[in-house]
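Protein chains in written order, with the UniProt record's numbering: chain A, 1 to 317; chain B, 1 to 279; chain C, 1 to 431.
Think of the hints as simulated: they come from the structure by calculation, not from any bench.
Derived coverage of chain A by chain B (criterion: at least 3 residues anywhere in the stretch with Cβ under 8 Å from a Cβ of chain B; other residues may be distant): (1) 57-66; (2) 138-150; (3) 245-259; (4) 281-294.
Chain B is faced by these chain A residues, among others (derived, beta-carbon under 7 Å): (5) Asn34; (6) Ile42; (7) Thr53; (8) Leu200; (9) Leu203; (10) Gln207; (11) Thr208; (12) Cys301.
Which chain B residues stay away from chain A? Per the calculated CB distances, all over 12 Å, these: (13) Ala7; (14) Ser11; (15) Leu41; (16) Ala69; (17) Asp70; (18) Val75; (19) Leu79; (20) Leu143.
Cβ coordinates follow ideal geometry from the N, Cα and C atoms, glycine included.
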Amino acid sequence: MTTPVVGDQRTLGFSRPELPPPLRNPRASLKLRNALVGWTFILPNFLGFAVLTLVPVFTLFYLSLTSWNIFGTAEWVGLDNFTRLLGDKSFHIALGNTFYYAALHIPITIVVSLSLALLLNQKLRGAAFFRTVAFFPYITSIVAVAVVWNMLFSPEFGPINQFLGLFVDGDLPGWTVSKDWAMPAVIIVGTWKDMGYYMLLFLAGLQTVPGELHEAARIDGANAWQRFWNVTLPCLRPTMFFVTVMVTIQSFKVFDLILVMTDGGPGQATLVLSQYIYQKGFEQFEFGYASAVAVVLFLICILVTVVQFLYNKRKEA
Amino acid sequence: MTARTSALRRSGRVLLYVVMIAAAAGIMLPFAWMVISSLKLNNQVFTAPVQWIPDPVQWRNYLDIWAKADMVTWVRNTLVLSVAVTFLQVLTGSFAAYGFAKMRFPGRDALFLLYVGTIAVPWQSYMIPQFQMLSGWGLNNTLWAIMLLQAFGAFGVFLMKQYYESIPDSLSEAARIDGLSEYGIWWRIIMPLSVPALASLTIITFVQTWNDYLGPLIYLRDRELWTIQLGLQSFIGEYNAEHALIMTGSVLSVLPIALIFFLGQRYFVEGIATTGVKG
Amino acid sequence: MNRKIMSAVGVAAAASLALTGCGGETAPEAAEGPVNITLAGWDFASTPEFQTLADAYTEANPDVTIELKEYPAGEDYDTALTADLAAGTAPDVFIVKNLKNYVTFQEGGTLLDISDVAAELDPATGGLEPMAVDGKTYAVPYRQDTWLLYYNKALFEKAGVDLPDGSWTWDDYADAAETLTKDIGEKQVTGTYLHSWQSTVQGFALAQTEGASLDGGDFSYLAPFYERELAMQDNGSQPSYATVTTNELTYQAQFGTQKAAMLPMGSWYIGTLVAEQASGAADTFEWGIAPIPQLDESTTGTENTPVSFGDPTTMGINAGIDESKIDAAKDFLKFAAGPEGAAALAEIGITPALIDDAVADAIFGLEGVPQDDLSRFSYTTHETLPENPVGQNTAAIQTILGETHSAIMSESTPVDEAITEAEERVANEVG
Chain A
1 MTTPVVGDQR TLGFSRPELP PPLRNPRASL KLRNALVGWT FILPNFLGFA VLTLVPVFTL
61 FYLSLTSWNI FGTAEWVGLD NFTRLLGDKS FHIALGNTFY YAALHIPITI VVSLSLALLL
121 NQKLRGAAFF RTVAFFPYIT SIVAVAVVWN MLFSPEFGPI NQFLGLFVDG DLPGWTVSKD
181 WAMPAVIIVG TWKDMGYYML LFLAGLQTVP GELHEAARID GANAWQRFWN VTLPCLRPTM
241 FFVTVMVTIQ SFKVFDLILV MTDGGPGQAT LVLSQYIYQK GFEQFEFGYA SAVAVVLFLI
301 CILVTVVQFL YNKRKEA
Chain B
1 MTARTSALRR SGRVLLYVVM IAAAAGIMLP FAWMVISSLK LNNQVFTAPV QWIPDPVQWR
61 NYLDIWAKAD MVTWVRNTLV LSVAVTFLQV LTGSFAAYGF AKMRFPGRDA LFLLYVGTIA
121 VPWQSYMIPQ FQMLSGWGLN NTLWAIMLLQ AFGAFGVFLM KQYYESIPDS LSEAARIDGL
181 SEYGIWWRII MPLSVPALAS LTIITFVQTW NDYLGPLIYL RDRELWTIQL GLQSFIGEYN
241 AEHALIMTGS VLSVLPIALI FFLGQRYFVE GIATTGVKG
Chain C
1 MNRKIMSAVG VAAAASLALT GCGGETAPEA AEGPVNITLA GWDFASTPEF QTLADAYTEA
61 NPDVTIELKE YPAGEDYDTA LTADLAAGTA PDVFIVKNLK NYVTFQEGGT LLDISDVAAE
121 LDPATGGLEP MAVDGKTYAV PYRQDTWLLY YNKALFEKAG VDLPDGSWTW DDYADAAETL
181 TKDIGEKQVT GTYLHSWQST VQGFALAQTE GASLDGGDFS YLAPFYEREL AMQDNGSQPS
241 YATVTTNELT YQAQFGTQKA AMLPMGSWYI GTLVAEQASG AADTFEWGIA PIPQLDESTT
301 GTENTPVSFG DPTTMGINAG IDESKIDAAK DFLKFAAGPE GAAALAEIGI TPALIDDAVA
361 DAIFGLEGVP QDDLSRFSYT THETLPENPV GQNTAAIQTI LGETHSAIMS ESTPVDEAIT
421 EAEERVANEV G
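Isolated chain A (complex conformation) (with noise of 0.2 Å):
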């Protein structure tokens, strides 16, 4: 077979009208012809991506499958680490921490951050300012937000619990001290620092909802709820999608914050396995086993992930 000349489609079915046209129609070669105009496009930045994200990506999964201490060679043992999961409590714990995290972060921040950018995107006096505002926490050093709300929640000196306790009377939350607190306490400034930031990605799908639609349902007499729920809403579902996948992987990957927060205490209260991946790796050098825990990661991560695309999908036929 010759390679076929990417170019116009007519010409190529011209010039050879003896095939068969179940194998050489068009529309065989318009799929070729696509294909390969879709992967000049996708190309440059799929060389960068194979090479610097995929090799080692890939690495990562060979060395779940082994004992390795970093220096030396990695020695294969199969399936021994993922089996050793399944037994090992602090991982249990931590699995059960970012569930816990994620369970809250993501909805959470999607109502916030959606109803920042509905707000901001109005034609407000001072807009411009409250956007900048909004963003703020995702630019500002995440070891200063941690300081600062950590002082915040200080259960002996902190302005949360002295404000609380003009209307509590008994115990007040004990927060990033307490282990039952602790969780709930990153959440919530999981959700400020991120919510500027999926603002800005809605506030950029919502450019794309035509403004007549809105005006058209004004017209036939929508309220504000139904002209959101009926014409923003759907003209914002590949936003959506988008938001809701990376709030999704990034809930379940969280690392810094916790880190500098409460550095997955009291006791192992805020344990997540980000942290038990640079725990077992970087502290007790048992990289095979740290790379095992990453691809359980990945993989609810992908779960999840094929759920939405196929969802995504089904809503988009």
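Position chains B and C relative to chain A; hints supplied.
Same frame as chain A, but now just chains B and C:
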């Protein structure tokens, strides 16, 4: 009756502003604390209870950071990295996204899932194999390593692809009938319509590179190569930390980004209608 | 600089000249040409010890140049060095900073066997002996800090409490802290300050309790130490763990600005406090050093040797070093861990692994260091046991005990329950 509704509406507006200003003040609190701390003596930064007014006010921290530390070099390196990474990420990302969004070919969805899948792998779990690879090419301890590392991420592709999908196909169909090639459609139709997404991607990539710590930590050793974050971390010594100077540096590091964001405002909310179709 | 330091420099230089004069079997080889050795250290701006050692050595050995490679301080040093070791891009000589990583480095084949260097060092070198793994040594200590009790004389006088005299047990210390807090009578000033690190409780418990071991699987020895600290934070003798962590208090500020009358801390703080008082970052007040309180009276008093803890900081040679540089690198290590290196370190206020009279003279010759006998006794006389005994599972056990520490001190989990949990986890997860 109309007078009453407008009065109601006006007081609603006022209330909204009061709430928004209060919320803004709350949101800015950590930043305010950074500024306050940057004006303190080092041993006053962390106290219980918190000292909200610096006494005496240490303006000299803002001079010291330039004199004591190599802030100029750090800013230059950080700027070089952020600009290069942002440029590459936006260009290749938006280009590849077109292939994923507007072209149909077998394996497209699988490949796309592969892209998204890598976002789900925590970087710290594969940074060592990656570091070994790049060191093998002699790129450790160079700015190139950080550029390569950050420039081809899946994030930009994903963001742009989703945005392209919300642009009606009818626009590119029309252009196709007019004889425009796919590259022409991308450059002349799609790109001008994607300003809000491009602006978001630009600022997000820029901020991420600007604030990145772990990447430079692993790759950059020489003082001449340090970034702002790496440099600020060097104020934390083994037994002592210059907390006030760290906060000074953090304030200085945040300001340019805030300024870019503030000035770039209109691009985030630039609608399709106002942009129009060029070409 | 004062005169004593200058003379110490002279002595050190003369001593090292004498040493090279004697030569060794390596001397002819080293003379062949200039050798360049790279040395990994951290944060040179505030950590002059690497430059000091390099300068002192090259002065005595002009044929060798020591090129410093800068790494970040703190935990990040290990992360960055680990990456470089894994990729084969690490310097010729590096500091094994955290003792708990030593065995992993050694097993990973990153460290050269330097038993011959260790054999030539003074056996009195602090922390040297425990570095042997199966009879071989792969890194040698060049500095060894020990934990001491710092106290503020002015605050003691104000409260009318007797100064520490070296006879204190932990119970005496707790009583004093309580009285101090009450009698100083200022709202934000406490009798003592306990930093948030796990070592501030566990290090002492491990070192001072008879038969205690890190990898024995039994952590009941921690219980009395934790009970005492919890009682102290409950009665306000020290800021609570919750306040220390959420307000990110620093021990330098708490003691240096007179918010605490006592502070258990490592000997490195001597240099810091002197410098901060000189620069005005810390208040000017009279202070002193006492031996760290003991578990019982068998080790108290100046006629006994108080038991404390502290990890040595050690130096090793990269196993991937160029063959031709090995001799020079070993010679440098011998120098750094020997008396010449010790003298050079003492001049800049750093506690070397080998403490002799010259070292003590140099340290106590620094302006601002307390001159009383007890301070000098505390600094020179102690049995210092490692916080992280060299062992296969040390790193993993310390992670678990770190979580135990935050669970107990935040009062999230009762002492006994937390200790039982730690014991179960060690049995279940380690080894």
